[in-house]
Amino acid sequence: MERTTIDLWVGLFVMMGLGALLVLAFKVGNLGGVDIGESYAVTANFSNIGGLKARAPVKSAGVVVGRVTDIRYDIENHEATVTLKLDKQYPFSRDTSASIMTSGLLGEQYVAIESGGDEVVLKEGDKLKITQSAVVLESLIGQFLYNKAADGGEKK
Amino acid sequence: MHSRIVKAVRRVGARVINAVWRFGVASRFLFLTLAYSGTSFSRLRLITREIFSTGVLSLIIILVSGLFVGMVLGMQGYDTLQRYGAAESLGVMVALSLVRELGPVVAALLFASRAGSAITAEIGLMKATEQLAAMEMMAVNPIARVVAPRFWAGVISMPLLAAMFSAMGVFGGYLVGVKLIGVDEGAFWSQMQNAVDFHQDIVNGVIKSFVFGIAVTAIALFEGYDAPPTAEGVSGATTRTVVTSSLAILALDFVLTAFMFRGEG
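First to last, the protein sequences are chains A and B.
Just so you know, the first sequence maps onto residues 1 to 156 in our numbering.
Just so you know, the second sequence maps onto residues 1 to 265 in our numbering.
These are calculated hints, taken from the structure and not from any lab test.
Incorrect hints may appear among the rest.
Stated by the list, open to error - Label-pair distances were calculated between CB atoms; the ranges are:
no. : chain 1 : residue 1 : chain 2 : residue 2 : range
1   : A       : Gly116    : B       : Ala187    : 29 to 37 Å
2   : B       : Pro229    : A       : Leu12     : 49 to 57 Å
3   : A       : Glu38     : B       : Ser27     : 46 to 54 Å
4   : B       : Arg45     : A       : Thr83     : 52 to 60 Å
5   : A       : Thr83     : B       : Gly186    : 25 to 33 Å
6   : A       : Leu22     : B       : Leu32     : 30 to 38 Å
7   : A       : Glu76     : B       : Phe23     : 39 to 47 Å
8   : A       : Ala61     : B       : Ala187    : 31 to 39 Å
Stated by the list, open to error - Within a straight-line C-alpha distance of at most 25 Å, the following computed SDA-like cross-link-like pairs (lysine to any residue) qualify:
no. : chain 1 : residue 1 : chain 2 : residue 2
9   : A       : Lys59     : B       : Ser190
10  : A       : Lys27     : B       : Phe261
11  : A       : Lys27     : B       : Leu81
12  : A       : Lys27     : B       : Val203
13  : A       : Lys53     : B       : Glu88
14  : A       : Lys88     : B       : Leu81
15  : A       : Lys59     : B       : Val203
16  : B       : Lys179    : A       : Phe26
17  : A       : Lys27     : B       : Ile61
18  : A       : Lys27     : B       : Ser65
19  : A       : Lys27     : B       : Gly233
20  : A       : Lys53     : B       : Leu63
21  : A       : Lys59     : B       : Asn194
22  : B       : Lys179    : A       : Gly19
23  : A       : Lys27     : B       : Leu63
24  : A       : Lys27     : B       : Val178
25  : A       : Lys53     : B       : Ala195
26  : A       : Lys27     : B       : Gln200
27  : A       : Lys53     : B       : Ala258
28  : A       : Lys27     : B       : Ala19
29  : A       : Lys85     : B       : Arg15
30  : B       : Lys179    : A       : Leu22
31  : A       : Lys53     : B       : Leu96
32  : A       : Lys88     : A       : Tyr40
33  : A       : Lys27     : B       : Asp197
34  : A       : Lys27     : B       : Ser97
35  : A       : Lys27     : B       : Ile60
36  : A       : Lys53     : B       : Asn194
37  : A       : Lys59     : B       : Gly186
38  : A       : Lys27     : B       : Phe198
39  : A       : Lys59     : B       : Lys179
40  : B       : Lys179    : A       : Leu21
No residue lacks a Cβ here, since even glycine has one placed at the ideal position from N, Cα and C.
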């Protein structure tokens with residue numbers, strides 16, 4: 001099959017287009033991100049999850065060790081049940097505590113977990129017992145105002 | 001007085017009927033194009049030549065526009081975001097607006113005016129100079145030989161051009177945001193990678209540009225094929241190609257966006 005210059009240009013064009021798609025997928029998108037290979041899932045109940053979303057990172061000491069995979073409403077306890085998928089290479093003790101934090105003042109929310117002292121490690125399907133809910137800014141301000149008002153009342 | 005009103009109503013009615021008629025013919029034309037696509041795939045040379053004239057020749061305008069759109073987004077986005085102390089989110093803003101909307105839409109608009117108008121003018125002139133009729137005389141189906149290769153070339157080129165536009169735009173935003181203004185480079189990329197989802201954002205953007213490619217090329221081909229065989233007719237058809245396909249892109253974009261991003265996430 002004879003070759004023409006047009007073929008060269010078209011080949012270059014198609015390769016550039018596919019290259020741009022790869023750049024978008026790996027450099028701009030999350031396809032090349034920390035993909036958890038082997039993992040185990042644990043659940044945690046929170047009384048308030050604030051703005052936590054599925055796919056939010058799970059961090060321990062600031063390092064991403066997993067992702068939030070599922071958020072459900074627990075009808076019995078009237079709480080939120082959050083499923084965390086943790087990387088197999090990071091074992092955590094059974095009395096690990098989980099809390100919902102915000103990165104920056106208005107940033108996205110993530111789950112911070114802190115390992116405890118127990119010898120037994122968490123395994124698939126376990127439930128974290130010690131949890132701390134998200135800080136809701138409105139209730140914090142409300143509490144602050146309430147305390148101020150109480151202080152003001154005492155002084156008079 | 002009475003007859004004038006009747007005449008006006010008749011004229012409006014004739015226009016509506018004519019528009020519906022043309023739409024019907026255009027649908028049949030698109031169907032025929034798809035039905036006669038076999039030859040262009042068994043002779044790929046036909047498609048590569050058209051990819052050269054629609055895709056490769058549109059490359060410069062797409063890349064340069066993408067770069068400038070990205071740079072402007074970087075500046076404007078920084079100006080707005082830094083008021084809320086969120087200048088680090090610049091990468092997210094640039095990437096999401098390019099990948100979801102601006103990439104597919106602006107690239108398709110440029111494609112319609114750069115390549116669509118050329119397709120219409122070419123086919124319109126082929127018709128005016130009776131080349132299409134000559135082909136039929138030689139028992140060559142002009143839809144299989146002329147129309148179908150151009151259709152597939154447009155459909156293949158459009159997503160590639162849109163992807164290049166977006167990638168170039170992100171690079172432009174990076175140049176202005178990180179190199180010129182001094183947003184933190186790590187935050188720029190990592191926040192972008194956290195926020196841009198492959199399936200939700202990038203795949204949907206590609207689907208959009210694919211649909212736009214079909215719409216623009218089909219409109220351009222039909223306008224050319226349907227053009228009155230005169231100089232005036234071809235120029236009118238070229239104008240109609242750009243106007244109709246721009247409107248079609250924007251309308252389709254609204255419909256697709258409504259399906260893809262219903263305010264979730």
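>> Between the alpha carbons of Lys53/A and Asn194/B, is the straight-line distance 25 Å or under?
In response: holds, 13 Å
> Taking 25 Å as the top limit, are the C-alpha atoms of Lys27/A and Ile61/B close enough?
Replying inline: Roughly 24 Å separates the two Cα atoms, so the pair holds.
> Is it true that the CA of Lys59/A sits at most 25 Å from the CA of Ser190/B?
Replying inline: holds, 15 Å
>> Quick check: does the Cβ-Cβ distance between Ala61/A and Ala187/B fall within 31 to 39 Å?
In response: violated, 20 Å
> CA of Lys85/A to CA of Arg15/B, is that 25 Å or under?
Replying inline: violated, 62 Å
> Are Arg45/B and Thr83/A spaced within 52 to 60 Å by their CB atoms?
Replying inline: holds, 54 Å
> Is the straight-line distance between the alpha-carbon of Lys27/A and that of Gly233/B 25 Å or less?
Replying inline: violated, 47 Å
> Does Lys53/A pair with Glu88/B here, judged by a C-alpha cut-off of 25 Å?
Replying inline: holds, 21 Å
> Taken at face value, is the distance from the CA of Leu22/A to the CA of Lys179/B at most 25 Å?
Replying inline: Given pair Lys179/B, Leu22/A holds - Cα atoms ~23 Å apart, limit 25 Å.
> When you check the alpha-carbon spacing of Lys53/A and Ala195/B, does it fall within 25 Å?
Replying inline: Between Lys53/A and Ala195/B the Cα gap is close to 12 Å, so the pair holds against 25 Å.
> Does the alpha-carbon distance linking Lys59/A and Gly186/B stay inside the 25 Å limit?
Replying inline: With Cα atoms ~18 Å apart, Lys59/A and Gly186/B stay inside 25 Å; holds.
> Gly116/A and Ala187/B, beta-carbon distance inside 29 to 37 Å?
Replying inline: Given about 32 Å between the Cβ atoms, the range holds.
Going down the numbered hints, you'll see the structure goes against 2, 7, 8, 14, 15, 19, 20, 28, 29 and 39, while the others check out.
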